[in-house]
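Model the full assembly from the supplied sequences, consistent with the hints where possible.
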Amino acid sequence: MNASDLTTVLICLPLGAALLIWLLPLSRFATGSLAVLVSLVEVALWIEQAVRFDYGARGLQNAQQTAWIKDLHVSYHVGEYGFSLFLVGLTVVAMAAAVGYGFWVGRDRPRAYFGLMLFLTGATVGVFVAQDLLLFYAFFEAMLIPLYVLIGVWGGPGRIGATLKLLLYTMSGSLVMLAAIVVFGLKYGTFDLIASPTSPSRWLFLGFMLAFLIKAPLFPFHGWLPDSYREAPAEVTAVLSGVIAKAGTYGMLRIAITKFPEPTSFYRTAIMALGAASLVYGSMLAFRQPGFRGVVAYSSMAASGLIALGLFSGTNLGYDGAVLQMVAHGLVSAALFLLAGAVERRTTTGEFAYLGGMARGRPALATLLMVTGVIALAVPGSASFAGEFLILAGSYQRAWWWAVIGASGVVLAAMYMLRLISAVLHEARGSLVRDEAMDLRPGELSLIVPLVGVLLALSFWPAGISSHSFAGDNPTKAVREQFR
Amino acid sequence: MLAITAGGVVVWIVWVAAGFACLASGVAVVSFTNPFFSALALIGNLASLAVLYLLLSAEFVAAAQVLVYAGAVMVMFLFVIAYVGPRREPPWAGGPSWQTLGAVLAAGAIFVEIVVVIGLKAGGRLEKSPDVGSVFGSPGWIGRLFLTDHLLAFEITSIVLLVAAVGGVILGSHTRRAVRGEMG
Amino acid sequence: MIAGAWLCLWAPLAGTVLILLGGTRMPRKVAAWVATTSVFVAFAGALWSFFALHANADHHSHYSALWTWLAAGKFTVPFEIVVDPLSTFMMLIVSGVGGLIVLYSIGYMDGDDEERRYFAYIAFFVFSMLLLVEGGNMLLLLVGWGLVGLSSYLLIGFWHERPSAVAAAKKAFIMNAFGDATFALALFVLIAHSNSLEFATSFATASHLSQSTVDLVALGLLGGAAAKSAQVPLHTWLPDAMEGPTPVSALIHAATMVTAGVYLIARTHPIFEDAPTIALVAAGLGAITLLMAGMIALVQTDIKRVIAYSTMSQIGYMFMAAGVGAFSNGMFHLMTHAFFKALLFMAAGLVIHAVADEQDIRKLRGVGALMPFTKWAFLIGAAALVGIPAFSGFFSKDPILAADLHDHWYGVVFWACGLVGTFLTGLYTFRLYFIVFPGEPSPFVREHYHSHHGREGSWTMLVPVGVLTVLAAVAGWIQFQPFWEPITHWLSPVIPTEPAAEATNWDDAITSVIAPILGIAGIVVAWLIYGARQRLAVPRIAWLQRLLEHKFYFDEAYDLVFYKPAVATATLWRRDFEEPVVLTTGSDLGEGTLELGNATRRMQNGLLRTYVFFLGAGMAVLAVVFLAVR
Amino acid sequence: MIPTPHVDWFAISTILVLLGASFVALLSAVLVPRSWRRPFASSVAALGFAGGIVTSIWLYVDSPDGQRVIASSFYRDRWTALAQIALCAVGLVATLVSVEHIPGPGSLSDPARRDDHIAEFFALLLAATSGMAFLVGAANLMTLFLSLEWFSISLYIMCAIDYDLEGSLEAGLKYLIIGSFGSASLLFGSALVYGATNRIDYAGIAQQVDKLGLSHDVLLVLGLAMIIAGLGFKASAAPFHMWTPDVYEGAPTPVTAFMASATKIAALFLAVRVLNTAFPQERYLWTWAFAGIAVASLAIGNLAALTQRNVKRMLAYSSVAQAGFLLIGLSTGTPLGARGMAFYLLAYSAAAFGSFAVLAARERELGEPVTLDNLAGFGWERPFLGLAMWLFVFSFAGLPVGGGFVGKFYVFSAAYEHGWTWLVIVGVAATLVSLYYYLAIVRAMYMRQSQELRVAPVSGGSPPPERLLNAAVGAALVVSVGTLFAVEPLITLARHAAAALPF
Amino acid sequence: MLGPGVAWYLGIAAFLFATGAFGVLIRRNPLIVLLSLEIMLNGANLALIAFSRHAANGAGQIFALGVMAVAAAEVCVGLGLVVAINRRRLALDVDEFSELRG
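Top line first, the protein sequences correspond to chains A, B, C, D and E.
Residue numbering for the first sequence follows my numbering, beginning at 1339 and increasing consecutively.
Residue numbering for the second sequence follows my numbering, beginning at 14 and increasing consecutively.
Residue numbering for the third sequence follows my numbering, beginning at 195 and increasing consecutively.
Residue numbering for the fourth sequence follows my numbering, beginning at 500 and increasing consecutively.
Residue numbering for the fifth sequence follows my numbering, beginning at -6 and increasing consecutively.
I should point out that these hints are in silico values taken from the structure, not numbers from a laboratory.
Incorrect hints may appear among the rest.
To be verified - Below, a list of computed lysine-lysine pairs in the BS3-like style, where the Cα atoms sit at most 27 Å apart:
id, chain 1, residue 1, chain 2, residue 2
1, A, 1815, C, 758
2, A, 1408, A, 1815
3, C, 758, C, 745
4, C, 745, C, 557
5, D, 710, B, 141
6, A, 1525, A, 1408
Stated by the list, open to error - Here are some chain D residues the structure puts well away from chain B; computed CB gaps all over 10 Å:
id, residue
7, 504
8, 556
9, 563
10, 619
11, 706
12, 721
13, 988
14, 998
Quick reminder that beta carbons are idealized off the backbone N, C-alpha and C, glycines included.
Here it is, written out as structure tokens:
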């Protein structure tokens, strides 16, 4: 099977497996292990693709196209560029970890649960490889369906409200995008992202951006974020902030910036301002959050702001840094939320008031949380540092104050992340931390260690992503050519 | 032309009488408190309509009107009214007051519109109708039409009646059943 | 030589990884020795590359890259190291002193139940520090810069059950993060103009930049340096950092990391030469710091804090040197300071370790009677610190002052400050000495003193102290301006002393006369006040004392200006914007819609006639509209 | 000798098949013993519908170019055939559901009498379907009116078939009276059009208007308005929709399912034909009229559904809203709009039928109307039905799990192509609002535990085996999901069908 | 033709139609509502026949005959319902049938 088929397989395999799991009356164990197996196969397939990928070449790779709606020129058109390849990688890895976590935790109603997780995997991969606007939209929406149930069924006490918020917020954005897509596609006679020309329409641009701004999310469109991240099951939150949110920033890069050069430059300052605002605002609120998840939630909002800053700086450094940051932060927040889940399972709470002193006698937990935490606060030398550095260097080239604000964000990041670390690990033992609360078990280690391992690997070689995301590592040119 | 033939005068008189009867009986149907009287008024209404049909040289329809309607349908009506027992109900009572007002407005609006339209139209082609031969509207002529141009309509009509009959049987058939608690 | 340098870099990291992987399966002692060996291996590597470089003196900086660490378009940053006199010099100090201190900590940390973690951290620190000094371009320098900050955070907060320790660690990290940020901003400027962070290209670009721009760059670098080296106004973290284990204070907060600021200025001196104003600011900061720290040290009662403040003030000297362009003098003092300050810390550590981790000098009176070796070691260290002739401090400090003297008017000011500083040094150092060591042991000491098998400490602790004692005493003789200056020569290819900072013999002479006299004067005063029979009472100047005890109110100021407002703003945003506005707007809209829905439902009142009415009315309206618009 | 017109039996074969089956079923009411009536009549009905499907497919294949037959009073073309296929399919699944669910739960005191009117019911079902099958092919206002009454009267009776339940009676009465009022207005409108043009056949009307330059003639326009009102009533579009929720709620659920899907198919296919064939000159008027009606339906349907607790009623309102979406396609008056609407109808009717069928199952299980509260845990107790319901409502909501997604996309495209971006915006906003109550159904089924149930299921937890209903739901599910993927072939069908219309 | 023009007949037709509608709108006794519906249909019939006369083609009359049949059918079902209602001892008042609402 050639690499092009692999793209489709990456989408369809989990969907098919989901169907299978729903249909077959398998035992809890069989279901779980099947799901884990499938998600590992996904990872393997992705590696296969990454190995075969020609990072120097221009244009779309591993592409496949079949007509879907001929008379409106809509087609099933998938393919990959460097950056989408990496985002797919992020997806499969994070999803594998999440599925594994669900298996380890032993979620009840396993068939429904794992089916939905696999469905989510397929949909998310689809978002990152879709090359047709309607197809993109379809996957973009399809991601929500399993999320809705996953959070609503396996979530925390406030899950109902959270799911409602999540759905209505994101849908209100993406429905506007649907309108924009319809107009765009009919105006230019095709919905194909490659064939379609660039558009000078600012309204369309805003229509698309709204969806992405809400999904990312950027200030002030983050109303859905705290509830969802707090109520969702840990591994779902991990995916939500690690992968799903990246769909928003990916959309900015692939569609908004690429297809709307003139509006992009017109609204550049405004959107960079939003990015900066999210960065500062998110960091500040993260600093005052009372619980583990709250901190990470707002920190990922800040990260989205940073990524947007990089993307809309419109510079080589900015683009590369943004992609790198997407992947790095994806892994970081996935790992952090899984750790949050581990802590919650041991202490029944994520509130700092009841936590503390968990480092004593729990070396694995302490080490992993510490490592992830310091990577999250972008300590120099880490992958996320590399990303931030590039982004800020890029945005400095746009105007010095962006870099200054960004740098202030770095300091704030140190503040809230250290607060989190010491509130969980250090100082006196929290009232809900019992002695018998165990260190990370092998099961959890086998999920989190790989994530952290990948992060460390990236920290040793961030160029592996930053210089392979765009053809000839010349993002501005690639964007100008619309990745053709 | 000013030449008014005797026939013309007669037609005019008949028309005025029938028209007036028609309107009056129509109003009566709506405004009687006792459905029994309303039904009777409707019969009158149908009869006067039959006259108007005749004036419009639609003999067969007029005949059918009298036979089918006044004959069959109204009899059915009277039977049911007798079966149910006449219950008096003052026409203006019940329902929110705005509703009566709204009713007047809506009905009035429809009426006015139509009349206005016809008025506008009357300025045009309506006042002059072509003369038609005596065969026009005769049973034979109707039958021919039924078997040629409107064959399908004819068939459908019978089906509609059949369906209605089935319905009548189902709904009206008197079966002793314990009345059970409400649902819905 | 390159191989040596790489070996020197990777060995400590290997040690860390080994200990991490070993985890709890690895016995503590093994972990300790793994760390120690790894650092000594690093030292061997350093020596190797030093001699190799010494052998071929023809060209002086060798770069070696392993892979492209970061790349974006044309902008690429290889993972490369530089081997040149400066870096080898630093490598030797870091790995050498580091090795000794790690060895020392084997004894010091013995019995701590998280010993492994400690050794993993400290080995990691040595790696980061070596990365800092070997880093072959600005970005790797910054990476090392950040990593030493991280490891310092980890080690300060090593005893993580102590809230004070955790707080101190956070404080240190955040202040350094600020420094890193300014550092990074400086780099952004360079990237924007040269799209590269190679030393050579960066310096070349800097010379072409507009004055304001290059000033900006230099300022950014200076910010980083000041934060790392605890110079005013970014100094408040250092005293608190004493919460960490004593060897950590010795290694990180005395010998190596805190002096990184000096290294940075020296390394990037071309930029500072292009921005003379900023260079002077650096020197000025140094001067202010050395005075301020010296004065604060006078009133400290915690043995380690006294030494910490003295560290600040000594680094102040180095900054002065670097600021006026006498880089090699600065580096020389960096070296000697590393020796004697580490010595002082470790001696203090011996005391603390022996007396139940007590650090309050008022309780430690007369401990010298029980610990003669420690007493003498400390005395020698103190002498070196004060700059008594023939001790190392004398050879390294005075040339700095001399170099200042030959500069413009502000040079004279710096010189004066330096001399006052010398007096203060003598005063606080020997205040400490006289209070703690001589005389009869206090009851507390008698009660709590416990010897290590009849010795003052395990051999792993005593040997490094001994070695450093010797070094502190004699290491200064390596270079005796103006008679012989091997270090200056060795370093000159990388960091040539600016002509303005070339001291004349006269400068050297006069300084070398006055400085020791002032130092000794300080000692005498200290003896008069704190000596066995106290001839002088401590002068009571209430406001001054309060000022000094509150360390010039810096902490309070920061709390007032930065921390409180930040917290307030965050809370405000959360309480008055996030919760009432952002989080509720959506649901409010929803509520409104639901209300609308209820209204619509009331229309559906179940009355058949209403429905018919709507049908008829709709029809009527439709007809009217049609007739109107037809 | 009267020259009777040539009768193209094949053109009306579907209708005849259905009628034949209807008569057989009716006879079985008297000839077949009670114990056999249900299986007999239902299998007759099933066969009839199957036959209808076959003949109408054949008709589709065999009449690529449309013509009028039987004294030019019936259209034999693919538009008719396509609609007939859909109608027969709906009838078939309706039969499957009705076998187990007529009469509805709680309607009868003694089970012995359950089979009293079953044969008549199937006869009426067949009759109604054949009436619709005729309606979509009607070529003049008279056949239009008559066939409209034909199936309406059947529906009136079917609504009231559970006449032991006041709800059922009420539904029947309301539907009858409002329906008669509506058709009366349609009739008067037809009369006016006839008066204006002297013709009753669509094509003739258009010709006359051209010949006599009657465009915007007062009689014509007024007639058109009244006809639109009548059609809007049948399509249950606001403000002519008021009967819909009550009747849908009161009627036996299988009948509701049938009405919700079949009536819309018939009314809208007819509307497209009559408006484009008879009133092309008035396009400006009726496009705007239907745009307005669509907006009204979207607004009222969605808003009223928001706070419903009774699921059946909620779905009724949702069908009003869906009518709004469908009418967007109609209102453009373009081929794209027509085929988009046709496609959307397929997806919609599948989802609508399926969702009501699932409700029927739950109703029977509970023995009382389904509310959001007593739907709790349903998704876990009946995995298949739960999943199906989930997909149906998400397809309504336009999420990409069903044809509803593509359908919405199509009608929006049509609206934009017609230059009505504002209508696209309205549709999008309506979709967002609708999401709230569609999600509420899923939430009730999956996210509330059945312990929260106020009333425990009457049939002690283990639901009755409903193979036929499951089969019907399965079929609906296949269509609903299939329309998401097999867009191209279906659209091609629709395009060819729409080619028969004079655009 | 003799007598008044078609327009006058149409006037009567309109009046009947409106009267019927009015009856449906205000009356609550289902029987009378049904009668009112009859009147509406008759109004339409009159219009049809008048137009048929005016157009001099028979379509109108045929249509009218069809309508009579339909009217009979509606009445049949309607009366069936009335009977059923009456058998349930429910009040013969359309306003009483507001179980289904909201």
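Query raised in the report: When you look at the beta carbon of residue 504 of chain D, is every beta carbon of chain B farther off than 10 Å?
Result: Residue 504 of chain D is in fact no farther than 10 Å from some Cβ atom of chain B, at 6 Å.
Query - Separation of residue 988 of chain D from chain B, once the least beta-carbon distance is taken, above 10 Å - result: holds, 33 Å
Query raised in the report: Does the structure keep residue 710 of chain D and residue 141 of chain B at a Cα separation of 27 Å or less?
Result: This hinted pair holds, its Cα atoms lying about 20 Å apart.
Report task. Given the hint that residue 758 of chain C pairs with residue 745 of chain C, test it: the Cα-Cα distance must not exceed 27 Å. Result -> holds, 19 Å
**Report entry** No chain B beta carbon within 10 Å of residue 563 of chain D's
**Finding:** At roughly 23 Å from the nearest Cβ of chain B, residue 563 of chain D sits farther out than 10 Å, so the non-interface label holds.
Requested in this report: Taking the shortest Cβ-to-Cβ distance between residue 721 of chain D and chain B, state whether it exceeds 10 Å.
Outcome: violated, 5 Å
**Report entry** Reported absence of residue 998 of chain D from the contact zone with chain B (all CB gaps over 10 Å)
**Finding:** Residue 998 of chain D clear of chain B: closest Cβ-Cβ about 25 Å, beyond 10 Å.
Query raised in the report: Does the alpha-carbon distance linking residue 1408 of chain A and residue 1815 of chain A stay inside the 27 Å limit?
Result: violated, 32 Å
Report task. Grab the minimum beta-carbon distance between residue 556 of chain D and chain B and tell me whether it stays above 10 Å. Result -> holds, 23 Å
Report task. Taking the shortest Cβ-to-Cβ distance between residue 706 of chain D and chain B, state whether it exceeds 10 Å. Result -> Fine: 16 Å to the nearest Cβ keeps residue 706 of chain D off the interface.
Query raised in the report: Beyond 10 Å from chain B, beta-carbon-wise, is residue 619 of chain D?
Result: Violated, since 5 Å does not exceed 10 Å.
Query raised in the report: Does residue 1815 of chain A pair with residue 758 of chain C here, judged by a C-alpha cut-off of 27 Å?
Result: violated, 46 Å
When each numbered hint is compared with the structure, violations occur for hints 1, 2, 7, 10, 12.
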